[in-house]
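Visitor: So you can see what is in the structure, the chains are spelled out below.
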Amino acid sequence: MAFQPVILWTDALIYLLLGLAAAMVWYTRRHEHLAAPWQRVARSRTGQAAMVVLLFYVVVGVLDTLHFNPKSGVDDQGEPIYSTEVLSLFDHIAGSLRTQREKTYSAPFATHLFSKENIEQPDGSMLRDYPRLIYGGAHLQLGDDSKLQDIALKALSGALKGGAVWLMLLIVICRANRDRLARLLGGRLRNPWHVGAWTAFGLALLLGALWELSAFYHVLGTDKVGEGVFFQSLKSIRTGLVIGTLTTLVMLPAAILLGIMAGYFRGWVDDVIQYLYTTLNSIPGVLLIAAAVLMMQIYMSNHEDDFNSVTERADLRLLFLCLILGVTSWTSLCRLLRGEALKLKELEYVQAARAFGVGNFRILLRHVLPNVMHIVLITIVLDFSGLVLAEAVLSYINIGVDPATNSWGNMINGARLELAREPVVWWSLLAAFVFMFTLVLAANLFSDVVRDAFDPRLRQQR
Amino acid sequence: MSLIENVMSAQPAPTEALLTLDKLTTHLGSETSPVRAVDEVSLNIQRGETFVLLGESGCGKSMIALSIMRLLPHSGRIVGGDIRLDGQSLRALSEAEMRSERGGRIGMIFQEPMTSLNPVMTVGEQVAEAVRLHDRESRGRIEERVVELFRAVGIPDPQRRTRDYPHQLSGGMKQRIMIAMALAGRPELLIADEPTTALDVTIQAQVLDLLKQLQRDTGMSIMLITHDLGVVAEMADRVGVMYAGQMMEINDVEGFFQNPVHPYSRKLFRSVPKAEKRHQGLDVIPGIVPSLNQAFDCCRFADRCEFAHDRCRTQLPPWRGKAQSGYRCHLAPEEVPESVAPALPTRHSQAAAGKALLDVRRLKVHFPIHKGVLRRVAGQVKAVDGVDLKIDSGCTVALVGESGCGKTTVGKAIIQLNRLTDGQILFDGDDLANVRGRRLRRLRREFQIIFQDPASSMNPRMLVEDIVAEGMIAQGIGGDRKQRRLLVERLLGQVGMQPAAADRYPHEFSGGQRQRIAIARALALEPRLIVCDEPTSALDVSVQAQVLNLLKELQAELGLSYLFITHNISVVAYLAHEVAVMYLGRIVEYGEVGKVLENPLHPYTAALLSAVPVPDPAHEREVIKLQGDMPSPIDPPTGCHFHPRCPHARAVCRERYPETIEVEPGRRVSCWLMSPQ
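Residue numbers (this note's numbering), protein chains in the order written: chain A, 1 to 462; chain B, 1 to 677.
One thing to keep in mind: the hints can contain errors.
Restricting the straight-line Cα-Cα distance to at most 25 angstroms, the calculated cross-link-like pairs of lysine-lysine (DSS-like) are [claimed, not checked]:
#1 B:Lys-277 with B:Lys-595
#2 B:Lys-274 with B:Lys-23
#3 A:Lys-345 with B:Lys-364
#4 A:Lys-343 with B:Lys-371
Hints are computed from structural coordinates only; laboratory data are not their basis.
Using the sequences and the hints, build the whole thing.
Guide: Structural data, given as structure tokens:
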């Protein structure tokens with residue numbers, strides 16, 4: 001085999017999450033009352049556009065989750081030797097994007113480094129100038145002023161390729177039926193799928209152009225150690241998604257169980273649970289996170305032998321950050337669910353179940369839990385964007401993810417000092433901002449649509 | 001369109017009506033498949049007249065009111081016809097002009113006085129706001145005018161009351177405030193949308209009386225919307241019967257009650273429960289109201305009409321008669337035959353007297369009120385305070401009283417959903433107060449409950465099969481899944497539903513059907529006692545008849561006992577064998593239903609019965625007016641609880657609670673008037 005699969009901790013949890021999502025989809029499709037709100041989501045134009053953008057992020061994130069050790073050689077017995085370097089499928093696809101490193105900063109589409117260096121001339125004399133980049137714009141002749149034209153041409157051909165891929169995808173989805181394709185793009189279906197399709201078209205053009213260009217230029221420049229910012233931004237997607245989803249997954253069981261128990265049983269159970277979350281809530285979250293992360297850091301540096309690779313260590317730290325964020329953020333959902341359970345408890349179907357002699361646990365499971373799920377779902381999507389932003393803030397003050405992990409927070413942190421430079425190094429910051437902004441905006445729009453579709457009170461008003 | 005209708009519209013109206021609706025059509029929802037909430041409704045209301053719109057829920061009567069006010073919900077719109085107030089088309093007015101009409105020439109009061117007032121403003125301010133906006137004459141003397149209005153709607157001590165907040169007032173008082181606000185603009189037309197549905201009968205009598213008196217004083221017209229035939233008889237000059245968005249019959253009130261023409265109107269009358277119908281079934285209207293998101297090309301009542309013939313299913317029925325009185329049907333009046341009420345199976349021979357199935361003794365349920373940081377018990381809400389009750393097997397005992405008197409708490413305590421504070425509940429010899437845990441769970445088989453609102457009594461996320469089978473699973477009976485399924489289907493058949501209903505969700509059924517499912521669910525455990533907590537008060541009259549018939553049949557068939565909790569006296573008269581009247585946590589009168597209803601001994605029973613509107617305009621009744629509202633159960637009055645409102649209160653009533661006196665066997669009264677001293 002040319003590779004050896006590696007499953008990191010967060011990978012395992014992401015697989016679990018995907019499995020749960022798939023199970024939910026399967027279950028939902030078979031229950032009409034569960035599927036109805038999702039149909040309302042699909043009927044929303046905003047929802048369609050946001051879903052396509054989110055889908056792009058998710059695909060990149062999932063590709064970046066499939067980790068493996070590449071084969072580095074063969075030993076005496078002919079057995080393959082695997083490198084300890086952990087790569088992902090996304091790294092593999094990105095190929096040259098990952099490996100083409102410059103010496104230090106260079107601006108987007110630049111052909112020369114950002115700072116002057118001593119260059120040894122062929123005649124042995126030293127010249128202080130901006131050295132030529134190794135990869136960026138290397139195909140251009142020196143002194144050639146056709147750079148702009150070259151960029152435009154490459155962008156156009158990339159966009160065309162992107163468009164072609166988009167068309168092929170659509171043809172596959174429509175099962176090569178011309179009529180169906182025309183109806184889809186013309187918006188003559190019951191749901192506004194055409195909005196999604198045209199958003200995907202825009203996205204395909206943009207990505208195609210960027211991809212084509214990135215083979216010849218550093219489209220978003222390079223950072224301090226010469227790594228492409230475009231590649232970093234894409235790699236950061238997984239980190240953002242992991243933080244946004246795994247945190248919720250971690251906190252969910254506790255929040256749901258404690259919340260509905262407090263509301264349903266009242267009495268001392270309620271007192272204990274309320275005491276727990278009010279106490280937890282009054283500890284400043286950032287301090288708690290900082291203390292926990294710093295402790296983790298010490299532990300890791302004292303037990304370095306326990307980790308096979310840097311990636312593994314960074315991954316564990318990411319998971320730990322999810323856990324600690326989860327611990328600090330379950331209280332609000334718990335409080336919401338307690339209130340809802342209080343209300344449900346007095347409803348007549350719960351009373352009727354009690355009159356039948358149905359056990360408390362069964363009532364919780366069959367009557368209370370399914371009727372609070374819409375709140376859980378709304379909270380998950382609403383929390384997602386907040387968590388992505390929280391990661392950026394925490395990494396910025398150095399208590400976030402491992403410095404070796406690509407994340408938007410780390411990119412911003414790295415760019416912070418360079419903002420004082422003249423001329424300014426702006427591209428790392430801007431790239432992180434644009435990628436994060438797009439994800440959070442799409443997530444927010446999507447969560448608005450989901451809330452409108454699931455909240456029964458909002459539905460009545462229409 | 002019929003010939004008669006053409007002729008009719010060509011003639012000028014005899015006198016110019018205050019309000020004229022001319023083929024008003026209102027749609028809700030999307031343009032492509034609209035819900036035709038109001039479909040070509042024409043009517044007119046004369047000055048000083050009370051016009052009652054009668055109809056079941058969802059027939060479009062509220063939509064007419066909202067169309068007139070131009071206050072339709074976001075998705076609603078008037079698509080055709082005209083609304084003329086005093087000759088002026090309201091549809092042509094601009095929104096700004098319309099604003100001055102609302103609360104000006106047209107006043108409106110709503111069903112829910114609780115949510116119609118702003119809780120953070122004093123009621124005086126809220127009425128003053130209406131005066132400021134709509135009453136130019138009172139400029140400069142607004143406060144005076146507010147007090148005047150308060151006095152007009154019969155609020156005692158008006159000066160002081162203007163400074164109260166809504167939560168300090170009772171439901172009846174709040175409705176009076178709403179009426180005062182509507183009167184602020186000196187309206188020529190008052191639209192009252194079910195103004196008394198949320199109120200108790202004694203309060204309802206007060207409010208209806210007030211409306212009549214205000215009409216006499218101001219000469220305004222009233223458009224009253226209701227579903228209650230009793231209220232119609234009480235209030236109406238003319239009646240319009242709505243069905244599925246269409247006007248079915250318009251008549252003056254005498255004509256309507258003596259000789260309703262339309263088959264639907266007749267059916268409505270026949271489905272009202274009454275004492276005289278005790279030994280027969282109630283007439284029911286089979287089926288359900290058709291969905292309104294279709295265009296009709298036939299009579300929309302045809303599917304439920306027993307006289308329907310081919311023409312009814314292929315042609316739109318014409319309007320027969322004039323605009324003032326007429327009806328919409330293919331049949332001429334003499335062609336509509338009388339129908340016969342279905343016979344009920346004769347009752348099970350009553351079980352041997354003496355051996356009571358349920359014997360409740362001195363039942364007390366108090367809820368502690370916690371106060372302060374340490375949550376010390378600061379007082380007790382004495383919801384139920386010493387209730388004695390006996391139910392024989394195969395018998396129905398009705399528990400009657402106004403809201404807040406503790407009747408639901410009694411029911412819940414009996415089936416052990418509330419823990420009792422004191423007393424005994426002997427069920428077939430077992431004292432339920434001492435049974436806990438597993439044994440209680442086993443015993444729960446024997447007694448079940450049916451709730452008021454069929455919408456909230458079933459988990460919306462469960463299939464009907466799972467809902468009905470839930471009790472069987474919990475009690476571990478009914479065998480395996482397959483056998484249970486058969487049982488569920490049999491139960492559904494027993495309550496008159498198709499077996500296929502098992503595979504659907506509760507929201508797919510109408511209110512009456514859902515109540516049937518709730519009954520099937522209760523029957524699944526083969527209980528001996530069913531507590532029915534207002535099982536029909538959320539239902540329309542025709543559907544109520546279906547459910548009452550079913551309950552009666554089941555009793556005859558299975559020998560069930562019912563504790564029937566209700567505030568509806570006519571249902572009691574129809575269904576119950578014995579009746580207990582509750583006031584503020586205690587039973588004030590108990591006895592056989594005929595005797596209690598015909599010859600009430602307790603002043604409260606008498607007042608309660610006199611306040612019930614009778615669906616007969618010729619019926620002259622003397623309403624015994626009660627002062628004020630029911631006191632709070634936290635701090636009941638000393639002596640007899642009823643004395644502050646009692647017209648016959650004596651000195652002794654203020655001092656001691658009266659003993660319970662057995663006037664004759666099985667007839668008990670708690671009143672000093674009955675006492676031999």
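Visitor: Now tell me if each hint is right for this structure.
Guide: Hints and how they fare:
{"no.": "1", "hint": "B:Lys-277 with B:Lys-595", "in the structure": "holds, 16 angstroms"}
{"no.": "2", "hint": "B:Lys-274 with B:Lys-23", "in the structure": "violated, 37 angstroms"}
{"no.": "3", "hint": "A:Lys-345 with B:Lys-364", "in the structure": "holds, 23 angstroms"}
{"no.": "4", "hint": "A:Lys-343 with B:Lys-371", "in the structure": "holds, 22 angstroms"}
Hint 2 from the list above is the single one not met by this structure.
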